[in-house]
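Can you build the whole structure from these sequences, using the hints too?
Read top to bottom, the protein sequences are chains A and B. Position 78 of the first sequence, counted from 1, bears residue number 78 in the numbering used here, the numbering being contiguous throughout. All you need for the numbering used here is the position in the second sequence, starting with 1, plus 1000.
By construction, these hints were calculated from the structure, which means they are not laboratory data. Ideal placement from N, C-alpha and C gives every residue a C-beta, glycine not left out. A portion of the hints provided could be inaccurate.
Said to hold, decoys possible - Not the full set, but computed from the structure, chain A residues with beta-carbon under 10 Å of chain B:
(1) N146
(2) R147
(3) E211
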Amino acid sequence: MTINVILIDDEPLAQQELAYLLERHTDFQIVAQCEDVFSALRKIREHKPDAIFLDIIMPGHDGFTLLDYMAPEEHHPHVVVVTGGESDFAVRAYAQGVLDYLPKPIEEDRFDKAIERIRSQISNPDTEVSPYPDRMLEIIPCIFSNRIKFIKPEDIQYVRSDTRGIYVVCTDKEYYTELTLATMEVKTELFRCHRQNLINLAQIDELIPLENGLAEIKTNSGQSVPVSRHYLKLLKERLGM
Amino acid sequence: MDFFIQKLYTLDSPWLNSEHFFSIFQQVAILFVIAFLFSRSSAFQLLVKNSLRKRDWLLLYGIFSFISIMGSVLATNVPLSPEEHHWTQVDSRSIGAVLAGFLGGPVLGTAVGLTAGIYRYNLGGATDMAGFLGTTLTGMLSGLVYLLMVRKNQAMRFDWKIAVATVCTAELMMKALVFPFASSFNEALALIQITTLPSLIGNSIGAALFVTILNDRERSGASYTTSALHMAKYLVDVLKYGFNEQAAKKIVNTIRKETRIATVAITDHRNKIMAISGIGTDHHQVGDEIAADLIQKAIEQQRVIFIDGNAHQFQCPIATNCPLHSALIAPLAVDGNVLGVLLLFEPKRRFFPKLNRALGEGVADLLSEQMRLSIYQEQLAIAEHKLLIAQINPHYLANALNTVSAVMRTDTTRAKELLAKLAFLMRKNIKQGNETSTLEQELEHLDAHLSIELTRYGDKLQIEKSIEPELMNTILPSFSLQPIVENAIKHGTSRLLIPGIIHIHAYQIANRLIRIEIKDNAGQYQPTQASTNKGVGMSNVDGRIKELFGGQYGLSVDCEPNQYTTVTLTLPFRKQS
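As structure tokens, then:
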């Protein structure tokens, strides 16, 4: 059986090192290599790997947050944390449902043990490994002109998805994000009002009923967001109407 | 005078009986003595305190009851007819009750009024009941006035005009009370004729004198202490961000507000006015010189110079009609270096009080001390930071070793190079101690430091340099370039999802003036945090440049969000000697 893995590290050299160490384990196959949390999210959804090797200190981001950005029902690979940072990352790593923790520079023996743990987890899942934490998000990571932009959920007007991806809409600008609507629905206070929209309840100015049991929301900044029949009922319940 | 007294004696109107006037003035004179003694006693402090204990209240009650009862004891009885109990008094009883309420509040006023009233009732006479009721009501009434004043403005408590108005109202009320208790209307009229004017005038003068004495005392004692403390507290804070024109302006305004000195000024060590406030500012303005010779003398001798305005007068070098006449000139010095001078002026007609003189000297001492403290703190911060940047960061070392170990497998030559750079950095840190380096040395140090970073990040980080070759020899504080570039990577380009580019540009902008710019393509610098603090690293570099070359040089930051951040060092072109 082939075990698919993704390597996530912002340093090309560190990726090479991991790839080199994996060469001897022929049942392991590297399906992608990523340099930041965003592309990692995308690649994990695309390839659904069995395991990831995750660096912690990465540009503008803490590698642990990657785990928070995944929706509960999404595919969750096993995680091996690899870092040159302080050893107290180890404590956090295990609390985060991480399978193993490897300090840099990686010793071969230690690496082989981690590999062995992945193999045994896959063939014989151990319930002792704690699941990913189900934490609320305090910030939504977005991409804006090649920079990482952090948006607080309370500053969002609404979220929309279209064929190009998912956009977080604020008063004056909108930002692309790799997070799914499902993730934000579960991990923030944003409320689902349409198959393609989440609304910030605190930013609703008006709820205008339309024909056919549909409705439209006017936000505080004057933007309109559609409400579908199914979600209108839930929305009204939530608003106590 | 004799003529006047004679005239008074010969007056025989029932309204203006001279004997009664003399009686009441006698009483007021004794009251005056009591007021004076009271104002000097510690009991007076109770009136300006905020919270009093039971014992304090009892003491005040005793004092004012005594004053009020004395008003009755000292009064002469005026017989209305030969009958034994048919007499009245021209007295100063209400002063005590009014003052108790006026200064101590409704409870004290009523208590004193009641006590003095009971005493008056026991004396008997035709107006015993009117006297009892009137005095009690007087205490209550002035207590109400107190409440009104406290609500509006505490300072009005010592306003003699309000005291006089209260006394007059109380006296008139007392006279009105004569009617219901007199045996006949004619008797009441006779009583009023005899007592009204003497009591109104006498009590008013008494109350006004009393309150004025207290007022003087209050202003010279309690409030002076409060304002001096207030000033001291403010001045301690104002120098927290250094001694500059803004701080000088705040200091000058505070001193003038708290002391009411006519003109207050601060000059820098070159005699230029940094801040001035008060009279004479039409021809003494910021940037001008003022009293250059006196300041020179004060600076040279490092002592306070006082021009009293009599034996010596302040000579204005600019205008002959300058109102400034007497002056106190106090140098602000730290360890023998004069950084500025504090000047206090008073005009011709105003006396320069000894208290203000002492205060001025005290303030100059306080400011000097604060300056010393802030300079020491700055030096301490710089020393601490020097130590910090000189040490190789353990994270940096761990990363470097990781990188070398990864490179070793594929490219041993490159690994060897990296180890050589690391060894160079270590050596440089061992023999640190040079205050300055040339730009060339700084760039060499930067290259060694960045070699690890460049290897780690591969093509995700680029460093570009354009340096005018003749600037390679210019000097700058050691370790000043590397922290800025490190900042640009850590807080700038490392947050980019595209390759980070850092451009270092050194050029001459004028004869003997150069700029070194460190520009990144991230634009992540946060000016909100920067307004108070440029970040420890950057403000340290700024401080060391200023320390080395002077205040006109230093570091500045320019940021276009999400486009670029440019840190610019402005330095003199100075070659290593």
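Now the hints, each set against the structure:
no. : hint : in the structure
1   : N146 : holds (5 Å)
2   : R147 : holds (6 Å)
3   : E211 : violated (43 Å)
The structure fails to meet hint 3 from the earlier list, while all remaining hints are met.
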